[in-house]
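A.B. asks: Chains A and B, in that order, give the protein sequences.
Counting with this note's numbering, you get residues 1 to 206 for the letters of the first sequence.
Counting with this note's numbering, you get residues 1001 to 1206 for the letters of the second sequence.
Read the hints as simulated data drawn from the structure, not as lab findings.
Values in this document were obtained by computation on a predicted structure and should not be read as measured data.
Each residue gets a CB set at the ideal place from its N, CA and C atoms; glycine is no exception.
Among the hints, erroneous ones may be present.
If the Cβ cut is set under 7 Å, some of the chain A residues that face chain B in the computed set are [stated by the list, open to error]:
#1 Ser24
#2 Thr27
#3 Tyr69
#4 Thr71
#5 Phe109
Lysine-lysine pairs mimicking BS3-like chemistry, simulated, CA-CA at most 27 Å apart [claimed, not checked]:
#6 Lys1198(B) / Lys1186(B)
#7 Lys1143(B) / Lys143(A)
#8 Lys1143(B) / Lys198(A)
Number of protein chains: 2
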Amino acid sequence: MLLCDIGNTSYHFLDPSGRDFKESVTTFNPQTIQERVYFISVNSYVTQKLQELKNWIDLSAYVSRANYYETMGIDRIFAVEAIEHGVVVDAGSAITVDRVENGVFLGGFIYPGKRAMQQTYANISPALEYSFNFDVGLDIMPKNSQDAISYGYLKTLYSEVSSYNLPIVLTGGDAKDFAKVFRDAKVEEFLIFSGMKKIMKKASLC
Amino acid sequence: MLLCDIGNTSYHFLDPSGRDFKESVTTFNPQTIQERVYFISVNSYVTQKLQELKNWIDLSAYVSRANYYETMGIDRIFAVEAIEHGVVVDAGSAITVDRVENGVFLGGFIYPGKRAMQQTYANISPALEYSFNFDVGLDIMPKNSQDAISYGYLKTLYSEVSSYNLPIVLTGGDAKDFAKVFRDAKVEEFLIFSGMKKIMKKASLC
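With the rest of the complex left out, here is chain A (with noise of 0.2 Å):
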C-alpha cells in the first residue's frame, strides 16, 4: 500500500516504512504499480488517467468538501483535515494559511511563495533584486534594501498569522525557510500525509 500526493509537477509517494520518493508527471507510467495507491490529486490531467486504474483510489471523494470552499486545492483541504486546532502555513510556489480551530475550519488565505515574491520585487525595480534575508530581525524597523524587502515580505505575513494565538503548523518545501520567521512553528513534512491517514481511518480503509 502507498500513499501518493500528486500535483502539477510531480506523484509524491510515501511508503509503510516512512520513505517518501517522487515521480514526474511527464515521464512516471502509474500502470507500473500493481499495489494499492490512495492518493489525491490537483492535477486533472492525471487525475482523469487514473481514473482507468481499479488499484488508485482517490481519497477526495472520502472528506466532506461542504466543510471548504468550492475551489480550494484538495492538497490544502487535506493538510487541515491532519490538524484538529491551529493555523497550516504550506509554503510552496504559493503559501497556503489556513486556520482551524477545535476541528472546524475557519477560512484561509494566499500569499506568494518565495520564488514568485523574489521575482515581484525584481520586477518593480532592478534596485530590489535581492534574495530574501530569513535571518531578518523581526523586531527592528530596516534600514537596507535587503531588509527592507525581506522584512516587508515575511514580518507582514509573520504579524497576520501570529495574531491568531493558535499552534502553527508549517509543510510545503520551503518550510525550513519559513521556520526561521516561525520559530515556534512545528515543521511537518508530511502533513498533507497524515491527513490521509486520518480520513481513511474514518473511513476504514485502513
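Got chain A sorted already, so can you dock chain B onto it with the hints?
C.D. replies: Same frame as chain A, but now just chain B:
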C-alpha cells in the same frame, strides 16, 4: 516658483495656487520653464540634465541624508520629512512603509504595489488571476479564491502597519484604494510636496 517631483516616467509639478500637473519624462523639455523650480528626482538621467539649468534647484542637497539609509529613494525621504509622528504608506508601483516617531525616522519596509502583486498571483496560477477586492472583510477568514488573495495581500500589510499604533498617512497613486483598508488613515495626495516646502522653510529658501 514651482515645485517638481520627478519620477521614472513623469515630472509632477505643483504651482503656487496648489494646482498640480504632470509632464512626460520622454517628451518634456525642462528648458521651456523660465521660473525657479525646486525639485527632487529619482531619475538620474533627468537629474544630470537639470544640473545645467540654473533655475532648477535640487532640494536633495538640503536634507540630512545621514538620518536615512544610503539606497533610500529621495521621494521616500521627502515624504518622511513631511511628518513628525506617524507611519507613511506610499502606495505606488511599490508600497513603502516608513515609521517616524517624534521626528526620528525609525526605518521602513517595501511591499509590492497593487499591479505588481496582482501579476504575481496570476503568474503562480491562472486560478488566482483576480483583481483585488479592497472591500474584503478583514475580520473574517476568506472562503473563496478572490478574497483569499485579497486578504493575503491586504490584511497582512494591515496587521503589520496597525501594530505600530501610530497615525497613518496614505499617499501615492493608489492611496484611494488603500484608504478602504486603512480606514482611519489620512490621505495626503501631496505629501512629498509638503516635505519639500518644509525643507525649503528650514533652509530659508522660501
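A.B. asks: Are any of the numbered hints broken by this structure? If so, which, sorted upward?
C.D. replies: 1, 2, 7
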